[in-house]
Amino acid sequence: MAHARISMYLPPDINPTKAAIAYGCRALPKLNEELNSEDLLTRQKALMALCDLMHDPEYVYEAINLGCLESLKSLLKDSDDLVRIKTTEVLYIMATHNVGRNGFLENNVILALSFLMNDPYSLCRQNLHQAFKHLAQLPSGAHGIVDSGLISPLVWKLQREEENIQELILDTLASCLQEDATEALSSGAVPFLKQKLVSDNKDIRSKAARALIAISIPLGGKNQVWKHDVIPILVHLLKDKDGEVQANAAGALMYATVTTEGKYAALEAEANYPLLQLLFSPLIKVRLNATKALTMLAEAPEGRKFLQLHVSTFRELESDQNEAVRRAAHIAIQVIEWKP
Amino acid sequence: MTSTLTDRTSRAMGTYTYTSRPRVLPCQRRRYRDNLLQPEEEPMRYGNIMYDRRVIRGNTYALHTGSLLGQPDPLELQKEQAAKRRALARKRAQEQLRPRTPEPVEGRKHVDVQTELYLEEIADRIIEVDMECQTDAFLDRPPTPLFIPAKTGRDVATQILEGELFDFDLEVKPMLEVLVGKTIEQALLEVMEEEELANLRASQYAYEEIRNVELAEVQRLEEQERRHREEKERRKKQQWEIVNKHNETAQKISARAFAQRYLADLLPSVFSSLRDSGYFYDPIERDIEIGFLPWLMNEVEKTMEYSMVGRTVLDLLIREVVEKRLNNYEQNISQTQRPQSDRDYLQRTQYDTRSSSQERRFMEERELLGQDEDTEMRRTLGNTDPAAGGAWEP
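Protein chains in written order, with the numbering used here: chain V, 1 to 340; chain D, 1 to 394.
It is possible that part of the hints are untrue.
Below are the DSS-like pairs computed for lysine-lysine, each with C-alpha atoms no more than 30 Å apart in a straight line [what the hints assert, rightly or not]:
(1) D:Lys232 x D:Lys245
(2) V:Lys18 x D:Lys182
(3) D:Lys232 x V:Lys305
(4) V:Lys241 x V:Lys194
(5) V:Lys227 x V:Lys305
(6) D:Lys232 x V:Lys222
(7) V:Lys202 x V:Lys222
(8) D:Lys79 x D:Lys91
(9) V:Lys339 x D:Lys236
(10) D:Lys232 x V:Lys339
(11) D:Lys236 x V:Lys305
(12) D:Lys182 x V:Lys30
(13) D:Lys79 x V:Lys305
(14) V:Lys241 x V:Lys202
(15) V:Lys339 x D:Lys151
(16) D:Lys232 x V:Lys227
These aren't lab readings, by the way, just hints derived from the structure by calculation.
Full structure from sequences and hints, please.
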């Protein structure tokens, strides 16, 4: 008996959960219309198709020109969970492209996304924070996040979120704080970061230390770091097993000891010995930051006295492979051997 | 299907070929309720063909045209309806003719009475007996079976033997190439994207390291500068203060030395000046000076004035006398020689006056000398006073 169907099974490349993508330049406009349709299934299928398309930067550009971001923004407020999860995933993929990031900034997507920070589904929040993290790596994006006043909610969320989301928030914060740390300082981010420094997860420790680096760049940050007694914890972290943690802790110390109070606090916490140990570490970043931190300590007379005994180590570092390490070692020797 | 079955069995038998093999038709009469679940178990009931209404018998010239599938024939319908109406009319007519019991006389009523031997109780209430009968519980209406329409058309079958259409391996090659190629291309794109991202992240990481270090260096240098500057400022201020103090002390010392030296003479000079200005005086001497000497001087002056007065008087006398004599002489002369005597007179008068003036001058000089002595004495006495007064002033 002849039938139009050849077999009872569907062809293998049709995914019933994805909408069919129209040919050529009709693909995105049609998907845009489907996004605004009333039927839930249509919207979901259109979102899944959009997810796949957004990996290509040309499609991202076209989508932003067509104004897909408006439809996506309205979909963020949808009541169905899958729709929201998929929308945040699409936005996250768009944020990995520079065109997408610029589009975000022009279309005020940040504000719309921030409403979802309290969403009950963790996948949704994870995508959201990944989008923020990618956005924050662009300087204007970081400014956008700071201007929307999202720093204090992010810092507050740090307490209550799951671990992998905490890592993403810490990354976002580190990038934003490198741009503008004043708001974070006024919302008291330093005690929270101090708590995170003693967490069990090594990634969280290293990222918290990196955020502390960023926050202690301005002078106000350095003073707050000293006041909240973060320096002894950082010295303790120098003895940590993980290289990243050591590197970031040394970096935070390097900034915090620029002020005189910081220097003496570090000297009191006996930061010299661990830092000297770190000079032999295999990671470049660790050696670099440790050298710089010791340079800061050598500005103080007690530090200089102690380090004069160890000048030979620095001479060894002067013949290191990496140029930055060589320069840092040279400067360190200059500072140690300076006579007033 | 049946057609294929037919073909096969006919081929086996070898005599006839049927398009539709003769089969027994089932009876339409159903005795039991339809059991849709097991239609096969019940034996097929066959009907007798002689009594089958579908078989046409007898005269075929006046056939039932409309009785197919139970559809009512309109002619028959009409006939039936007419027959019914006639029957009704007949019944009604007969009812009217039927003899009935006459009506009761006035004041009486007909009553039904039983006349049999055995009386029966007649009651309005009908004797009811409850009978129960149980059927099976109602089943849910089963879902409608899938409607498979009756097959129409002809069935045709064909058989493709191996190797007749195409060689699979040859044909599949380009398709496979395209499929695999596309898949691998997609995979490559994704891997490249990830690799690009990883590279970007690595270079960002390296850049961030260097940036952090440079920034720290800048801040450290700033801090160092600031501290050095502050130190310098403090030291400069210290030095300046030291120099200031040094100057001040030097000035103080010199001032003190100068004051000391200046005031060293003070006491003796004070005493000497006081003594010079006459504040330390011997009272007797003073008294002599104040009291006695002025009186002495006054007396001296008086005496000298007397003498002076006397002298002046003498002078006046002499003068008068001389003038008189002169006048007399002149008169005498004038009487004798007038023109030459003028000159002489003039000369003489000049000479006289000169001589008299000389005389007077001599007198005056003497007086003056005498006066000069007095004035000198007074001056010396007076000098001491202004000298004493002058010593007080500076």
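A quick look at each hint next to the structure:
Distance restraint check for Lys232 of chain D and Lys245 of chain D: the Cα-Cα separation of roughly 20 Å lies within the 30 Å cut-off, and the hinted pair is therefore satisfied. The straight-line distance between the Cα atoms of Lys18 of chain V and Lys182 of chain D is roughly 20 Å, inside the 30 Å bound, and the hint therefore holds. For the hint linking Lys232 of chain D to Lys305 of chain V, the alpha-carbon distance of about 22 Å falls within 30 Å, and the restraint holds. Among the hinted pairs, Lys241 of chain V with Lys194 of chain V is consistent with the structure: their alpha-carbon atoms are about 19 Å apart, no more than 30 Å.
Restraint check for Lys227 of chain V and Lys305 of chain V: satisfied, since their Cα atoms lie roughly 26 Å apart, inside the 30 Å limit. Simply put, Lys232 of chain D and Lys222 of chain V have alpha-carbon atoms about 25 Å apart, close enough for the 30 Å limit, and the pair holds. For the hint pairing Lys202 of chain V with Lys222 of chain V, the CA-to-CA distance comes to about 24 Å; that is within 30 Å, so the pair holds. The suggested pairing of Lys79 of chain D with Lys91 of chain D holds, with an alpha-carbon distance near 18 Å, which does not exceed 30 Å.
At roughly 19 Å between alpha-carbon atoms, Lys339 of chain V and Lys236 of chain D fall within 30 Å of each other, so this suggested pair holds. Straight-line distance between C-alpha atoms of Lys232 of chain D and Lys339 of chain V comes to about 14 Å, which keeps the hinted pair within the 30 Å bound. As the CA atoms of Lys236 of chain D and Lys305 of chain V are separated by approximately 26 Å, the hinted pair is consistent with the 30 Å bound. Taken as a hint, the Lys182 of chain D and Lys30 of chain V pair is honoured in the structure, with Cα atoms around 25 Å apart against an allowance of 30 Å.
A threshold of 30 Å between alpha carbons decides the hint, and for Lys79 of chain D with Lys305 of chain V the separation of about 135 Å lies outside it, so the pair is violated. At roughly 9 Å between alpha-carbon atoms, Lys241 of chain V and Lys202 of chain V fall within 30 Å of each other, so this suggested pair holds. Distance restraint check for Lys339 of chain V and Lys151 of chain D: the Cα-Cα separation of roughly 109 Å exceeds the 30 Å cut-off, and the hinted pair is therefore not satisfied. Between Lys232 of chain D and Lys227 of chain V the alpha-carbon distance is near 29 Å, which keeps this suggested pair within the 30 Å criterion.
Figure legend: structure checked against the earlier numbered hints; hints not met, in rising order: 13 and 15.
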